[in-house]
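*Asks:* What follows is each chain in one-letter form.
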Amino acid sequence: MEINAFLKNFADILDDTDAALITQETVFRDLDEWNSLTALSLIAMADEEYSVKLTGDDIKSSDSLNDIFEIIKNKG
Amino acid sequence: MAVFSINDIVIKGISCCVPKNKERNIDLDILTKEEIQKFIDVTGVEERRIASKEICTSDLCCESAEKLIKDLNWQKDEIEILVFVSQTGDYILPVSAAILQDRLGLSTNCIAFDVPLGCSGYVYGMSIIAGMMKATGLKKGLLLAGDTISKIVSDKDKSTLPLFGDAGSATAFELNENTGNFLFDLGTDGSGYKTIIVPDGGSRNRINADSLEIKIIEEGISRNSCDLVLDGMDVFGFGISQGPKTVNKLLEKYAIDKEKIDYFIFHQANLMMNKMIAKKLKLPVEKVPYSLQHFGNTSSATIPLTIVSELKDKIENKSSNLLMCGFGVGLSWGTVFVENCKIEVLDLIEL
Numbered sequence: 001m002e003i004n005a006f007l008k009n010f011a012d013i014l015d016d017t018d019a020a021l022i023t024q025e026t027v028f029r030d031l032d033e034w035n036s037l038t039a040l041s042l043i044a045m046a047d048e049e050y051s052v053k054l055t056g057d058d059i060k061s062s063d064s065l066n067d068i069f070e071i072i073k074n075k076g
Numbered sequence: 001m002a003v004f005s006i007n008d009i010v011i012k013g014i015s016c017c018v019p020k021n022k023e024r025n026i027d028l029d030i031l032t033k034e035e036i037q038k039f040i041d042v043t044g045v046e047e048r049r050i051a052s053k054e055i056c057t058s059d060l061c062c063e064s065a066e067k068l069i070k071d072l073n074w075q076k077d078e079i080e081i082l083v084f085v086s087q088t089g090d091y092i093l094p095v096s097a098a099i100l101q102d103r104l105g106l107s108t109n110c111i112a113f114d115v116p117l118g119c120s121g122y123v124y125g126m127s128i129i130a131g132m133m134k135a136t137g138l139k140k141g142l143l144l145a146g147d148t149i150s151k152i153v154s155d156k157d158k159s160t161l162p163l164f165g166d167a168g169s170a171t172a173f174e175l176n177e178n179t180g181n182f183l184f185d186l187g188t189d190g191s192g193y194k195t196i197i198v199p200d201g202g203s204r205n206r207i208n209a210d211s212l213e214i215k216i217i218e219e220g221i222s223r224n225s226c227d228l229v230l231d232g233m234d235v236f237g238f239g240i241s242q243g244p245k246t247v248n249k250l251l252e253k254y255a256i257d258k259e260k261i262d263y264f265i266f267h268q269a270n271l272m273m274n275k276m277i278a279k280k281l282k283l284p285v286e287k288v289p290y291s292l293q294h295f296g297n298t299s300s301a302t303i304p305l306t307i308v309s310e311l312k313d314k315i316e317n318k319s320s321n322l323l324m325c326g327f328g329v330g331l332s333w334g335t336v337f338v339e340n341c342k343i344e345v346l347d348l349i350e351l
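Listed in order, the protein sequences are those of chains A and B.
Take the first sequence: its position 29, counting from 1, is numbered 29 in the UniProt record's numbering, and each next residue is one higher.
Take the second sequence: its position 185, counting from 1, is numbered 185 in the UniProt record's numbering, and each next residue is one higher.
Just chain B, with the same shape it has in the complex (with noise of 0.2 angstroms):
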């Protein structure tokens, strides 16, 4: 039973970098004006940040910590930890990590490696960097979270495109005794590995001549098999049932008063799933902010975006109690309840 605790950590900024080019539902002409309406009411999504061809995820992350670097006045030569959460690095091999540590200009006695997760992975990495610095006494890290979907999805598949979004983040933690914890609830069920794939290019699969055939699925589903699989409605049944099962069981392992948490943060991944997680658990709306409207699921990103975008004003170093749930590809899901934290948010990055 993954439900355990790190303290003497804390998270001091939070910053997000997304594409300055908009992509709007409403102008995409795989599905009819009705359909989109439909969708949008349904999802939620009305419009997305997409990558150029230039642009990669660690892009996105890369200028998200070298603006919060500068913020918070860390010297470089200090950060002795880097985790990049992504399902997009650069490369198959090596781990973008690495780049990104010799593109931050980072020492090259730092820890740097990648996780490769999604909708979970920004909890997960939180709770990989926290708990290393706490074992290892490490005085600063960076958490690179983010995603470029775009670059994997098929611009002939509804079921996928209209939802995804790119972004990345760069979270900053320190070591501070006696101040910060971080309580975890983590969990994982492989048996769904199905429902959220990439077929082919990875070894099980090997890219072959007949990874980037066309195949037509159904009505408005056309992908190849280097293109990303996403079966909506066991997603959306295992949203609605292990979102608010996880939630529950940190709350009553460690006998949180709901009450006293200022904000519910979760991974934005469907309006309809989002506002169902909610009202099982009971939540006043005015604590559960949504940022998918305008950006979409951007995956490991979904967590500090929804904090950059609509929670800055509102936390930004004042005290305050943030719950963030994530859960999907895997599938797999992690909630943590930060207390008392007092973070720098940065205004969001276009690039």
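If we strip away everything but chain A, and leave its shape as in the complex, we get (with noise of 0.2 angstroms):
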């Protein structure tokens, strides 16, 4: 699993956030886009690329994409 595959991953659910502002230190919980809905779309992203299922506290506990990253990649 790579971290800039994840990126864009994470990009693609996204409608109206430059993708520049998506890095690894980025705190997704902070985007004026995020909302509940859009931790949906993670969900379902992690679940579709990865086949990692991540739960309401995974994403309750992490700040910035790369801890997302982690836990993806540590379930895997």
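For the record, the hints were derived by calculation from the structure and aren't laboratory data.
Note that CB positions come from ideal geometry on N, CA and C, so glycine has one too.
Only true hints are included.
Once the Cα atoms are required to be at most 30 angstroms apart in a straight line, the calculated DSS-like pairs of lysine-lysine come out as:
id, chain 1, residue 1, chain 2, residue 2
1, B, K280, A, K73
2, B, K194, A, K53
3, A, K8, B, K282
4, A, K53, B, K287
5, A, K8, B, K280
6, A, K8, B, K279
7, A, K73, B, K275
8, B, K245, A, K73
9, A, K73, B, K282
10, B, K282, A, K53
11, A, K8, B, K245
12, B, K280, A, K75
13, A, K75, B, K245
14, A, K53, B, K245
15, B, K275, A, K8
16, A, K53, B, K253
17, A, K60, B, K275
18, B, K76, B, K139
19, A, K53, B, K280
20, A, K75, B, K275
21, B, K279, A, K75
Residues from chain A that keep clear of chain B, each with C-beta distances beyond 10 angstroms, as calculated:
id, residue
22, M1
23, E2
24, A20
25, S64
26, I71
Put the two chains together into one complex; each comes in its own frame, and the hints tell you how they fit.
*Replies:* This is the structure:
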């Protein structure tokens, strides 16, 4: 699993956010577009792309996209 | 491993009743217009039917049952079992099934009890009624399933209010030797019991002075402890993994050819979740009907409601192969495959 591919997958679930804002350090919760529905898209993406089941706690306990990346990597 | 078959039982008819009163999500003031649009895009729910204060789930089911009994020309005293699947019964006790037995004028020899399951409840209910009829030789049975979840959601909770609608259903079963065959996969994962919960009012947390205090959980979400709590993220993760799993398990166990299934009727939870389940199972879109646009998530009534509102013209009294799958609160799930069923599908009733 590769971080750049993951960041690209994450950028793809967003509609109105400049992909340049999506980096390893991005605090996803601070993105204007982030809300509980985007969280569902993230869970769907983890399932589809990595066959990993992200929980609500996984997302709540994460700050940066790198945190999510690490969780998926460890579960995968 | 609860994968099993029950034969000699057939579904004779299905009837549904919804409240007349419509609520459109676009009119809600707990979300901004932008948020509502995004919500509709993701969940697929545009409008819902909401019961007035006077209408309970039992009323919607009673109405459905009366019409169904009449349409099938059944004699009421022939009905020997009534199962009411609901999480919104009339009282904490007694069971609403007893009240319904009396209201419907069924015989006092009739078995009647409640099953407080939700999203998986329709399939569970079918297995209970078919199993009891097969084991005991009872000839006619009624499954009444539905909920008025609107009564237990906070009107200040954007995570539940726009999703749920109210509906009741009635399904008629008959013992018919050498004809019907049901194949089931049922399961439970109680480790997720908090995912969908009403915390207070049961005996674990008796209703107390604090129960009705409204707490602000986050922006757009305020509720008291007798209101429904839904952890959308965990339900979503559960649905997209367990939905395909239970369907595949049943198909594999009985070597069912996916091609010969006419319709896959899923619990109507959330459009994105349902679409993902269908995609993972590689199902053709025309075989997967949706009713949630107009009715939202109606708990144990979603499967019969989807049949009545979306499939009436396509399957009524025609030999059809149907797969039905419900998953959610518990956490609990159930899938059933019914082969060559000829079902009388009544028009949707409004109350």
